[in-house]
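Asker: Join these two chains into a complex; the hints should help.
Spelled out, the chains give:
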Amino acid sequence: MSTPTVNDAERLGLSADEYRQIIAHLGRPPNPTELGVFSAMWNEHCSYKSSRRWLRMLPTSGDQVIHGPGENAGVVDVGDGWAVVFKMESHNHPSFIEPYQGAATGVGGILRDVFTMGARPVAILNSLRFGDPDHAKTRHLVGGVVGGIGGYGNCMGIPTVGGECAFDPGYNGNILVNAMAVGLVRREQIFLANAGQPGNPVLYVGARTGRDGIHGASMASAGFSDGAEARRPTVQIGDPFMEKLLLEACLELMATGVVIGIQDMGAAGLTSSSVEMAARAEVGIRLDLERVPVRDAGMTPLELMLSESQERMLMTLRPGAEADAAAVFRKWGLDAVVIGEVTDTGRLELAMHGDAVADLPIGPLAEGLVYDRPAAEPPSSEPAPVPDRSATVDTLLALIGSPNLASREWIWEQYDHGVMGDTITPPGSDAAVVRIHGTDRALALTADCTPRYCEADPRLGAIQAIAESYRNLSAAGARPLAATDCLNFGSPEDPVVMGTFKAAVEGLSEACRALGMPIVSGNVSFYNETDNCPIPPTPQVGTVGLIEHVARTGTMAPSPGTSVLLVGNAEGHLSCSLYAREIHGLTGGAPPPVDLDAERRHGEWIREQVSGGRADACHDISDGGLAVALTEMCIAAGTGASVQPPDEKLSPACFYFGEDQARYLLAARSEQVDGILRAAVEDGIPVRMLGRFGGRELQLASLGSVAVDTLRRRHAGWFPSYMNGNTGGTG
Amino acid sequence: MKAVVVVFPGSNCDRDVAVALARCTGCAPILVWHGATSLPPCDLVVLPGGFSYGDYLRAGAIAAHSPIMRSVREAAARGIAVLGICNGFQILTETGLLPGALVRNAGLRFVCRPVDLRVEGDSPFLAGFTPGECIRFPVAHMEGNYQADPETLAGLEAEGRIVLRYVDANGGVTEASNPNGSVAGIAGITSASRRIFGLMPHPERVIGDELGGSDGRRFFAAVADALA
Chain H
1 MSTPTVNDAE
11 RLGLSADEYR
21 QIIAHLGRPP
31 NPTELGVFSA
41 MWNEHCSYKS
51 SRRWLRMLPT
61 SGDQVIHGPG
71 ENAGVVDVGD
81 GWAVVFKMES
91 HNHPSFIEPY
101 QGAATGVGGI
111 LRDVFTMGAR
121 PVAILNSLRF
131 GDPDHAKTRH
141 LVGGVVGGIG
151 GYGNCMGIPT
161 VGGECAFDPG
171 YNGNILVNAM
181 AVGLVRREQI
191 FLANAGQPGN
201 PVLYVGARTG
211 RDGIHGASMA
221 SAGFSDGAEA
231 RRPTVQIGDP
241 FMEKLLLEAC
251 LELMATGVVI
261 GIQDMGAAGL
271 TSSSVEMAAR
281 AEVGIRLDLE
291 RVPVRDAGMT
301 PLELMLSESQ
311 ERMLMTLRPG
321 AEADAAAVFR
331 KWGLDAVVIG
341 EVTDTGRLEL
351 AMHGDAVADL
361 PIGPLAEGLV
371 YDRPAAEPPS
381 SEPAPVPDRS
391 ATVDTLLALI
401 GSPNLASREW
411 IWEQYDHGVM
421 GDTITPPGSD
431 AAVVRIHGTD
441 RALALTADCT
451 PRYCEADPRL
461 GAIQAIAESY
471 RNLSAAGARP
481 LAATDCLNFG
491 SPEDPVVMGT
501 FKAAVEGLSE
511 ACRALGMPIV
521 SGNVSFYNET
531 DNCPIPPTPQ
541 VGTVGLIEHV
551 ARTGTMAPSP
561 GTSVLLVGNA
571 EGHLSCSLYA
581 REIHGLTGGA
591 PPPVDLDAER
601 RHGEWIREQV
611 SGGRADACHD
621 ISDGGLAVAL
631 TEMCIAAGTG
641 ASVQPPDEKL
651 SPACFYFGED
661 QARYLLAARS
671 EQVDGILRAA
681 VEDGIPVRML
691 GRFGGRELQL
701 ASLGSVAVDT
711 LRRRHAGWFP
721 SYMNGNTGGT
731 G
Chain Z
1 MKAVVVVFPG
11 SNCDRDVAVA
21 LARCTGCAPI
31 LVWHGATSLP
41 PCDLVVLPGG
51 FSYGDYLRAG
61 AIAAHSPIMR
71 SVREAAARGI
81 AVLGICNGFQ
91 ILTETGLLPG
101 ALVRNAGLRF
111 VCRPVDLRVE
121 GDSPFLAGFT
131 PGECIRFPVA
141 HMEGNYQADP
151 ETLAGLEAEG
161 RIVLRYVDAN
171 GGVTEASNPN
181 GSVAGIAGIT
191 SASRRIFGLM
201 PHPERVIGDE
211 LGGSDGRRFF
221 AAVADALA
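Protein chains in written order, with the numbering used here: chain H, 1 to 731; chain Z, 1 to 228.
Next up, chain Z with everything else stripped away, as it sits in the complex (with noise of 0.2 Å):
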């Protein structure tokens, strides 16, 4: 699998992910400066974690204007595949590729904790677990509330494209598994191809025991097997 992680000042997630990508898939990915104005050929476009242009104004406003955005947009439209971790995500719902909002945490802090997460759906992104599996990524954000209206979000549900939920140790939905407020637990949604993907959690953050957990390693090498 080719990939590409789009560099934007200030994201700072860009290494760990690039790095998760070698090691969980045997190929590093070209890092693509935000001023670019096209991507080379590649099978995935990553938009990683961080604080784009200083989160000025919102989290990810000012990257979705950002000139390889337009590049990115295309791609995607192509069905090139896209993932957004943090404020990739961020990015993506402020371009609109995926629906909805991230706003500031329901608890105003910042939370930096292991989430226990729900996978359910049938994307490719998440092709290395059955759907119902419980797995453990760390979330980093303070802007990760995610919300939508009454009929984005029925579409979201009926379409089966809510495919991470923040869920307790017995894998249910409830206030004390939510990290951030988010409606309905939701820490991941794809868009209506299933080729674009926007979560909170980072993956990246999760490919080895020494790190305290190896699901990141699974997630990048099915994406990987999936993807090519």
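So here's chain H without its partners, still in its complex pose (with noise of 0.2 Å):
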């Protein structure tokens, strides 16, 4: 083999110093095997070189957390000796380039990123983020995304429970596919991707390794420019069957006792899960590639090194174990073949037939590079000034139909979100719900990002994000307790991205800390850029909470005859509103300011209410205000309303539609309204009675009035119809 150049490591996406920096641990030239090994390792998708600085500052610990970042996914206690497992990741360059597959595969590494650590998957979430609707590719987009990510939950008989989708026209030419994975186990039974003592049997199981996805990890460290589609071939084919074989036999072969360590093979394939198990034992490893199961014949070490071929496992075995496995795996019918073995040397070591082909040190491939990339100072804005005049029902029907507040029962009807048995709330509330199976106790969980907020204001979004995590789960009456987070940016080594990433970061440590929610897994998505224009900010983030008792689950549909109360005050936020994008045009301004303090205050109060039994309903307010909240609780009950504004101090535009945080809509039965507004009082909550749910209208003074139905059908109409091909972006 000849040895390589600066130019080859360049070609590699590696910098001549970075190459520089791979001779100084070698004391040699890398070989090109060598090359392509350390390229897979040190790039941003698998090295966090850009991020970790930052990443650092994040609250990661806390009395429930039981593993942080670093494993394949957190682990939080539940109590009862229950632990949940979660995490949430990106897929967004192979799902841009082919929307099915791309998508597919992305659920399928979460899941694996779950169950690798031992837990049943119990729940799916994704957020989704699509380009303009009137942009060309977006309806074949939006198609396929979703198909890809039903088809493969689907299979795998793992309920898909909720999750966002939004629409910008910075998402034009690189969308978003966040997929989280949830899963439950036994505090006892967790495994770690940790490779164990040196002798330990490195297993192989699994699909076979196929030429598929070779540099895909290379892929998501780069942006886009035209032609992307031309990189096909570095998207992954997901079998999901092949995967739910897989899942059950690894459950089934943990639950013996001979599996010391297991990691899957995700980005990077083989090279990743082989180093990362090996550095956290602070051990060697060493494989035999001839062995590794193949479907294509004559791949080099390095192709089989860098394979991302799907539905594939790395563990290590108790010695001796390797025929217990093997008799799991063949009868699930899959492959599981020992590639290698354990050693006392810190280093990797390849061989193919005998013949050294890579011999690297574990600790520089596995600990990668950081680096404090230049982060420009970034963007905050004034409030922008917003027509508030001449609002009417037909403003309220205008938001309630647009792409980013229409029904999203399109998409979510096309996911199995009821296997498993034991799904309380399906997509469509504030937080799904789902029960851990077998008990009165369940989990609530939710996925939550406001673009446009983090665009005009990175750390002010990233806090909203997380608050508004924290309204949904409160509204289910669930008790928050930790977070993930899949963080989306454009290139790091433009310093206006890179400063919107710090500044995000900052925000989600600042919300994380005062609501009490560590950061306990996460990813990052950096290169989400084509020809140098790169998305908005999108800290992605993703939330779980506990419910003592499934009877005392907070829902969105009220009774008919019961009070609306609102819970927080109005004032009226327009600036950086979807009222003022989707009425008047305008976009921009400042977010809404949030107030820590009083989003955990009023969370807090309003758990009481609902695990006490005394809500009768309850919807956090958000994106479109006030309004569009209590339009949502009618729609799900099939109930009017009508309500007053309490004062005449703001004008019905700010009233209705402003999107102040740290606010909540409350159903409550005529005999729970004076202790509800009593104990407001007491406990410092600004509650006031704006009216009553009930007939078949809703009546908004100042506004008019419309039928429930009405709203009902346009608020149902325009994803359908613009899948149809019918209706464009505006409705």
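If you are wondering where the hints come from, they were derived from the structure by calculation, not from laboratory data. No experiment lies behind these values; they were computed from the predicted model shown. Glycine included, each C-beta is placed from N, C-alpha and C at the ideal position. Do not rely on the hints blindly, as some may be mistaken.
[Said to hold, decoys possible] Here are some of the chain Z residues that sit facing chain H, going by a computed Cβ distance under 10 Å:
{"#": "1", "residue": "ASP16"}
{"#": "2", "residue": "ASP55"}
{"#": "3", "residue": "TYR56"}
{"#": "4", "residue": "PRO138"}
[Unchecked claim] Pair ranges (Cβ atoms, derived):
{"#": "5", "chain 1": "H", "residue 1": "VAL337", "chain 2": "Z", "residue 2": "ARG58", "range": "45 to 55 Å"}
{"#": "6", "chain 1": "H", "residue 1": "SER705", "chain 2": "Z", "residue 2": "GLY171", "range": "25 to 35 Å"}
{"#": "7", "chain 1": "H", "residue 1": "VAL338", "chain 2": "Z", "residue 2": "PRO124", "range": "33 to 43 Å"}
{"#": "8", "chain 1": "H", "residue 1": "ARG11", "chain 2": "Z", "residue 2": "ILE30", "range": "52 to 62 Å"}
{"#": "9", "chain 1": "H", "residue 1": "SER61", "chain 2": "Z", "residue 2": "GLU175", "range": "50 to 60 Å"}
{"#": "10", "chain 1": "H", "residue 1": "GLY725", "chain 2": "Z", "residue 2": "GLY171", "range": "47 to 57 Å"}
{"#": "11", "chain 1": "H", "residue 1": "GLY346", "chain 2": "Z", "residue 2": "PRO41", "range": "51 to 61 Å"}
{"#": "12", "chain 1": "H", "residue 1": "SER721", "chain 2": "Z", "residue 2": "GLU157", "range": "56 to 66 Å"}
{"#": "13", "chain 1": "H", "residue 1": "HIS140", "chain 2": "Z", "residue 2": "GLU175", "range": "26 to 36 Å"}
{"#": "14", "chain 1": "H", "residue 1": "VAL337", "chain 2": "Z", "residue 2": "GLY171", "range": "54 to 64 Å"}
{"#": "15", "chain 1": "H", "residue 1": "HIS140", "chain 2": "Z", "residue 2": "PRO41", "range": "24 to 34 Å"}
{"#": "16", "chain 1": "H", "residue 1": "SER61", "chain 2": "Z", "residue 2": "ARG58", "range": "13 to 23 Å"}
Answerer: See the structure below:
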């Protein structure tokens, strides 16, 4: 093999300086295989080299945290010996190139991260960002991504219970597909990605290795330019049936006690799984690559090491347990082959037919690099003036039928959200709720981020994402436990992007600390840009909360005859609102301020009302403001409502469509109202009576009246009509 | 009632239906692996939902040829009751134990939603409901579009073997209330003997109000009474 040059290194995405560092670590130039392995481990996707410095700011610990970032997924105690395992991850680049397979394998990858830890996955969520509905590619991408997510999760038999979807021209050239998986495990059955002692056999299980997905991690470490579709061969192909078998076989083998460590082969395949498992145990690992089960003949050592073929796992076993393990996998019809051994050398040693092909130190490979990239001062803005004099019920109809507020039923109908028989709250509410199987407790799950806020002020936008998640959990009556993040940004080499990244992490950190929700797992996705045009900063967060009694789960569907109570203050913040954008075409301006102390106090109080059974229904107020929240409650329950602003201080537009934070709508039966209002005064929570649910119309004083059926039709209509090609983005 | 639930590779509603049987009939079923060549003594065999063998080729096509299905066919011939839910219904049509075929949904998309169903005929599986009664189970499938040739359909109608139809809130069979394009709104049919029942909707998912409904609980409790 000829010795690679700096040019070869640069073609693999390494800088000249990084190439010099590799030579310094080795004391000699790397051979082509070794250089390829380094490039896979040192790219942005695997090494977090631009983000790590800032991620250290995030709060990651707490009494409830069993394992924070650094493992395949975060693990949090939920009591009674159970732990919840969860993580969110991006699959943006592949999904833009090949939406069905890109999204499907994104789901497959995040599920493996969860069951690798010994947990049975119990729920999937996703967060999708598409470009302008009128952009030529958007409809095709929506159809493919939703089909792919459903296709994978439905076959696996794991319910897809929630998420969100937004359209914004900022994603025209680079959509976002973030998937979150949630699993449950007994505390004593948690498995880690740790290779264990020298002498442990290294077992390869699952699908055979092909040439698919080679350099996928590198693709995720560079921006797109025209012709991205030519990268289609780097997108992996998913086989959810294979993964279902792998799930059942892994859990069955784990229960026998012979598994020492396990990691899925995700980005950078065999390379990252072997290196990271060895690094955590501070040992070495030797692999005989000719033993790797292949479906393509003649693959080179480097191709075997970099393949991102799906549905594969690497595990280390107790010595002597090889036959037991093979028997379990044979039952499930899967390949399981010992391909190497844990060593005491601290090195990654690769051989092919007895010939050494690579000999690399594990430490530098796994530790990667830490860059302190230049970061510009992030944007912040003053509140923008928004016309507020002419709102009517037609304004509400326009908003509720707009692409970003219209019902997502078209999406979630394609997801099996009822399999496993524990879905308490299906998609379409503040938080999805899934019972902990065989118990009376449940997990509440959310995915949130408001990109227009993040674009205007990334720090405040990140704070708001956590605050909105916190409200969604609280409205369901759940005690917030912890969060996962998926940070989607443009190129970290652009100081403007890096500035927004730093600001968003600062915001997350501040909000998570204030609300007691540590970040226990996450993912950074940089280089979301096409032709040097980055996406809006998108710090997506997923959160998990705990409900003590399933029967006390909050609902957003009020009973007719209950009173409408507003929790929180109406300030009428219209700058950066959906009303400003959809009705007046105004973007930018400062997003609503977030008072984290008020969020915490209001959230705790709401949880008391919901879990104490005093709230008939509850819904958080976010996009579109009070009128939209009220409409969503009316549609959910099939009942009308009649409300009156409590004073004349605000214009109708400000009162009904302002997006002030820390607010909820509460429905209460008449015999509960006095007690609730008294408790609010005692607890210092601003609560005011606005009116009553009931009838068939939504009557909004100063705006007018409209039948709930009309609202429902408008709300439900946009998505199917758009996907059928009948409607553009303007509804 | 002694029940068996067959588990194929790719089955994913096996646990759900086992939980439902245990909870609603007081008797936990026996799970039998697809590779088994005999069935334990039982009153009911359940073929659960899921994606048996990945639904490669056609939904249910490979499962129809798995070792255990020979025993299921023999049991059915002896009059043992057989219930196929979703993928299980697809397997029953693929084995020929029930007529017709389940093809891709008319909308070409997976559909997961609660549906209203009208009970008809005199199946022991629907003994818990009165003919004409409307109940609600969820569907979750990509290939639930029931089709059969005109003679078969005429026979099913004449013999009263169409026992569940998709209907609207008023109990009428309409295009809008049909989630998958099934001919005549067919959601479930029985064999001529009434001892084999296939349906696309999932009764095992609605066995308590916290799950959005209890019609499934009534379903399983009555099946146990009728078959015990």
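Asker: With reference to the structure, classify each hint as holding or not holding.
Answerer: Evaluated hints:
Interface hint status for ASP16(Z): upheld, as the beta-carbon distance to the closest one in chain H is roughly 4 Å, under 10 Å. For the restraint placing ASP55(Z) at the interface with chain H, the shortest Cβ-Cβ distance is roughly 8 Å, inside the 10 Å limit, so the hint holds. Contact between TYR56(Z) and chain H, as hinted, is supported at the beta carbon level, the nearest pair being about 7 Å apart and thus within 10 Å. Given hint, PRO138(Z) at the interface with chain H, holds; its Cβ is 5 Å from that chain's nearest Cβ, closer than 10 Å.
Under the hint 45 to 55 Å, the C-beta atoms of VAL337(H) and ARG58(Z), about 32 Å apart, miss the expected range. Checked against the hint of 25 to 35 Å, the pair SER705(H) and GLY171(Z) passes, with Cβ atoms roughly 32 Å apart. Taking the beta carbon of each, VAL338(H) and PRO124(Z) are about 53 Å apart, not inside 33 to 43 Å as hinted. Taking the beta carbon of each, ARG11(H) and ILE30(Z) are about 60 Å apart, inside 52 to 62 Å as hinted.
Remark: the range hint 50 to 60 Å for SER61(H) to GLU175(Z) is upheld by a beta-carbon distance near 57 Å. The beta-carbon spacing between GLY725(H) and GLY171(Z), approximately 34 Å, falls outside the hinted interval of 47 to 57 Å. At about 60 Å, the beta-carbon gap between GLY346(H) and PRO41(Z) stays in the expected band of 51 to 61 Å. For SER721(H) and GLU157(Z), the Cβ-Cβ distance of about 36 Å falls outside the hinted range of 56 to 66 Å, so the restraint is violated.
Distance hint for HIS140(H) and GLU175(Z): a CB-CB separation of about 27 Å, consistent with the stated range 26 to 36 Å. In this structure, VAL337(H) and GLY171(Z) meet the distance hint of 54 to 64 Å, their C-beta atoms being roughly 58 Å apart. A hinted range of 24 to 34 Å is violated for the C-beta pair HIS140(H) and PRO41(Z), which are about 54 Å apart. A C-beta distance of roughly 52 Å is found between SER61(H) and ARG58(Z), which places it outside the suggested range of 13 to 23 Å.
Of the numbered hints listed earlier, those contradicted by the structure are 5, 7, 10, 12, 15 and 16.
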